Amino acid sequence: MLHTAIQKLAHVMALLGGGVLCLLVLMVCVSVSGRELSDLAYSGALRSLGDWLIDLGVGPILGDFELVEAGVAFAIFAFLPLTQLSGAHAKVDVFSKGMGNKADRALGKFWSVVMAAIIVLITWRLFVGMQDKMRYGETTYLIQFPIWWAYAASLIAAITASIVSIYCAAMRLTGQRIL
Numbered sequence: 137m138l139h140t141a142i143q144k145l146a147h148v149m150a151l152l153g154g155g156v157l158c159l160l161v162l163m164v165c166v167s168v169s170g171r172e173l174s175d176l177a178y179s180g181a182l183r184s185l186g187d188w189l190i191d192l193g194v195g196p197i198l199g200d201f202e203l204v205e206a207g208v209a210f211a212i213f214a215f216l217p218l219t220q221l222s223g224a225h226a227k228v229d230v231f232s233k234g235m236g237n238k239a240d241r242a243l244g245k246f247w248s249v250v251m252a253a254i255i256v257l258i259t260w261r262l263f264v265g266m267q268d269k270m271r272y273g274e275t276t277y278l279i280q281f282p283i284w285w286a287y288a289a290s291l292i293a294a295i296t297a298s299i300v301s302i303y304c305a306a307m308r309l310t311g312q313r314i315l
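By the count of this note's numbering, the sequence shown reaches residue 315 at its end, each step adding exactly one.
Check before you lean on any hint, since a few could be wrong.
For lysine-lysine, the following DSSO-like pairs were computed, each having C-alpha atoms within a straight-line distance of at most 30 Å [unchecked claim]:
1. 245 - 227
2. 245 - 233
3. 144 - 245
4. 144 - 227
5. 227 - 238
These are calculated hints, taken from the structure and not from any lab test.
As the structure is a computational prediction, the values presented were derived from the model and not from experiment.
Based on the provided sequences and hints, a complete structural model is requested.
Written out as structure tokens, the structure reads:
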């Protein structure tokens with residue numbers, strides 16, 4: 137029951153992260169296209185088309201990079217639970233290749249606990265950072281987007297990653313299979 141809930145939680149977060157990433161890609165494409173059309177309009181090459189594009193307000197999306205920063209941060213945290221659950225983190229096995237199964241399992245347990253501790257630490261510091269951004273009312277430069285909103289979105293995903301990583305560490309320590 138708990139295992140199924142953890143799996144669903146990790147998959148939902150990954151889907152949300154993927155959805156946000158797709159929206160960001162679409163926004164960047166629209167913004168770059170708008171920027172190019174705007175450059176064409178102001179170049180004077182096609183005067184009537186240029187005037188029409190300028191009147192329409194065609195141009196880059198204001199604050200696109202600010203939104204990309206916030207969205208990518210969320211997406212990274214959103215992918216962590218599924219990555220942790222499936223054990224898909226990048227790993228260098230140069231030294232562990234020669235070890236036996238027992239040593240390899242012990243190493244896996246060790247790194248699961250370390251990863252859980254690191255994700256919990258990052259989650260805590262993200263929470264503290266969000267509180268600071270709220271307290272001081274920091275906003276982005278161009279669109280005046282409250283920075284703490286991005287922190288809050290990332291915090292939700294980081295809390296999920298913490299729950300999943302603690303679960304994975306507990307499962308490895310007790311010798312139970314995760315997947």
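For each hint, the structure was consulted:
no.: 1; hint: 245 - 227; result: holds, 14 Å
no.: 2; hint: 245 - 233; result: holds, 16 Å
no.: 3; hint: 144 - 245; result: holds, 23 Å
no.: 4; hint: 144 - 227; result: holds, 25 Å
no.: 5; hint: 227 - 238; result: holds, 18 Å
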